[in-house]
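2 protein chains.
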Amino acid sequence: MGWNKEHKPQVRDQILESAAQLFMNRGFDNVSIDEVMQNAGLTRGAFYAHFKSKSELYAEAIRDAALKSIHAQEDAPPVSERIAKYLSLEHRKGESMACPLAFLVSDVSQQNNTVRDVYTKVFKGFVKKLTESSKEHISDQEALKSAVLMVGGMAVARALNDDTLAEQLLTACQQAIDL
Amino acid sequence: MGWNKEHKPQVRDQILESAAQLFMNRGFDNVSIDEVMQNAGLTRGAFYAHFKSKSELYAEAIRDAALKSIHAQEDAPPVSERIAKYLSLEHRKGESMACPLAFLVSDVSQQNNTVRDVYTKVFKGFVKKLTESSKEHISDQEALKSAVLMVGGMAVARALNDDTLAEQLLTACQQAIDL
DNA sequence: GTCTATAAATAGATAGAC
DNA sequence: GTCTATCTATTTATAGAC
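Sequence order for the protein chains is A and B. In terms of numbering that gives the first Met the number 0, the first sequence opens at residue 0 and continues consecutively. In terms of numbering that gives the first Met the number 0, the second sequence opens at residue 0 and continues consecutively.
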C-alpha cells in the first residue's frame with residue numbers, strides 16, 4: 000500500500016485543479032466550496048481536511064495555476080509567439096488557458112494580504128520571465144510596460160462585451176510590445 | 000409642495016452615489032443592498048421602489064460614476080496632467096477618485112450582458128476622449144494602447160501588495176503613453 | 001480522510017402597514 | 001415611498017459516524 004503516502008497530496012491537487020478552473024472564470028465569491036469539491040469528485044465535508052479556509056484555497060489555487068501555466072510553456076517558443084498566444088481570443092475565452100493575473104485582477108484587489116502577496120509574487124515572476132525572454136537587454140520600465148499591456152490588455156478585453164473591439168484592443172497591445 | 004416631483008430622482012441619486020462608492024472599492028458581491036441603503040440613509044425595503052434588482056443597480060452605478068468622473072474634469076487640464084492624475088498613487092487608493100473601468104474590470108467580466116454593455120460603452124467613451132484630447136492626430140491603435148496602459152495599469156497596480164512596485168509600474172505606464 | 005447532518009449567519013427579494 | 005417583518009435560498013464552517 001505504498002500509494003497511501005501519495006493519496007492526500009494527490010487529492011489536494013485535484014481540489015486545486017478544480018478550484019483554479021472555477022475561480023478563474025467566475026471569481027472568488029461566485030464559486031462555492033461545494034462546487035469546488037463536487038467538481039473534484041468529493042463532498043463538502045472533506046474540504047477542511049485539506050485547506051483551512053476558502054481564502055487559503057484561493058491563494059493556493061492562484062499559485063498553482065501560475066506554476067502550471069509556466070510549466071506548460073517549458074519548451075519555450077519564441078517570445079513573440081508566446082505573447083501572441085497570451086493576447087489571443089482563445090485565451091480571452093478562458094477555456095484551454097487562463098492567466099490568473101489577468102482573469103482575477105480586480106477580484107484579488109479585494110482580498111486579504113495573503114492572497115495579494117501570492118498575486119504579487121506571481122506578477123514579479125511574470126515580469127522576470129519577460130525580461131529573460133527578450134533577446135535585447137530591456138529595462139525594468141520596458142518590462143513593466145509590456146506586462147501591463149499583456150495582463151491589463153487581457154483583463155480589459157475580457158470585460159468588453161464587443162468581440163470586434165476586444166480583438167482590435169488585443170492587436171493594439173501586441174503591436175505596442177517590442178521585445 | 001413643488002419639491003415632491005424632484006424627490007424620487009433625488010433619492011435615486013443618493014442611492015447611486017452610495018452604491019458607486021461601495022461597489023468601486025469592494026466589488027459586486029461583497030456589497031449588500033442593505034449596506035447601500037444604510038449608507039444612503041434609508042432601509043432595505045425602500046430599495047425596490049427605485050431599482051428592479053441589485054444587478055440593475057450595478058449597471059446604473061457604473062454608468063453614473065463614469066459620467067460624474069467625466070463631469071469632474073470638465074475644465075480639462077492638459078492631457079498629460081490628466082493622465083498623471085489617473086495613474087497616481089492617490090487614484091490607486093480609491094478614496095477621492097475611482098475609475099470603474101479600472102476598479103471593476105474582472106468583476107464586470109463575470110456579470111450579465113447589461114452590465115458588460117454599460118462597461119463597454121463607458122470604455123468607448125474613455126478611448127474617444129483620449130483621441131480628442133491628444134493634440135496630434137492619433138490612430139485608433141495608439142488610443143487603445145494608451146487606454147490599456149491607463150485602465151489596465153491602474154487595475155494591476157491595485158492588485159499588487161507592494162507599494163514600491165506599484166509606483167514603478169504606474170510610472171512605467173505614464174512614460175509609455177505618448178499623446 | 002471522507003461522508004452526512006447541521007449549525008449559524010447572511011443576503012436577495014416580497015408583502016403589507018403607514 | 002419608506003418602513004418593518006418575513007420568506008427562501010445559499011454558504012462557510014463544524015461535529016460526529018464510519
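You may find that some hints are simply not true.
If several chains are the same, the list does not tell them apart, and a pair holds so long as it fits within one copy or across any two.
[What the hints assert, rightly or not] Here are the computed lysine-lysine pairs in the DSBU-like style, where the Cα-Cα straight-line distance is at most 30 Å:
1) K84 <-> K51
2) K127 <-> K7
3) K134 <-> K53
4) K67 <-> K53
5) K127 <-> K92
Keep in mind that the hints were calculated from the coordinates and are not lab data.
Hint-by-hint comparison with the structure:
no.	hint	in the structure
1	K84 <-> K51	neither (36 Å within a copy, 41 Å between copies)
2	K127 <-> K7	neither (33 Å within a copy, 54 Å between copies)
3	K134 <-> K53	neither (41 Å within a copy, 50 Å between copies)
4	K67 <-> K53	within (21 Å within a copy, 37 Å between copies)
5	K127 <-> K92	both (26 Å within a copy, 26 Å between copies)
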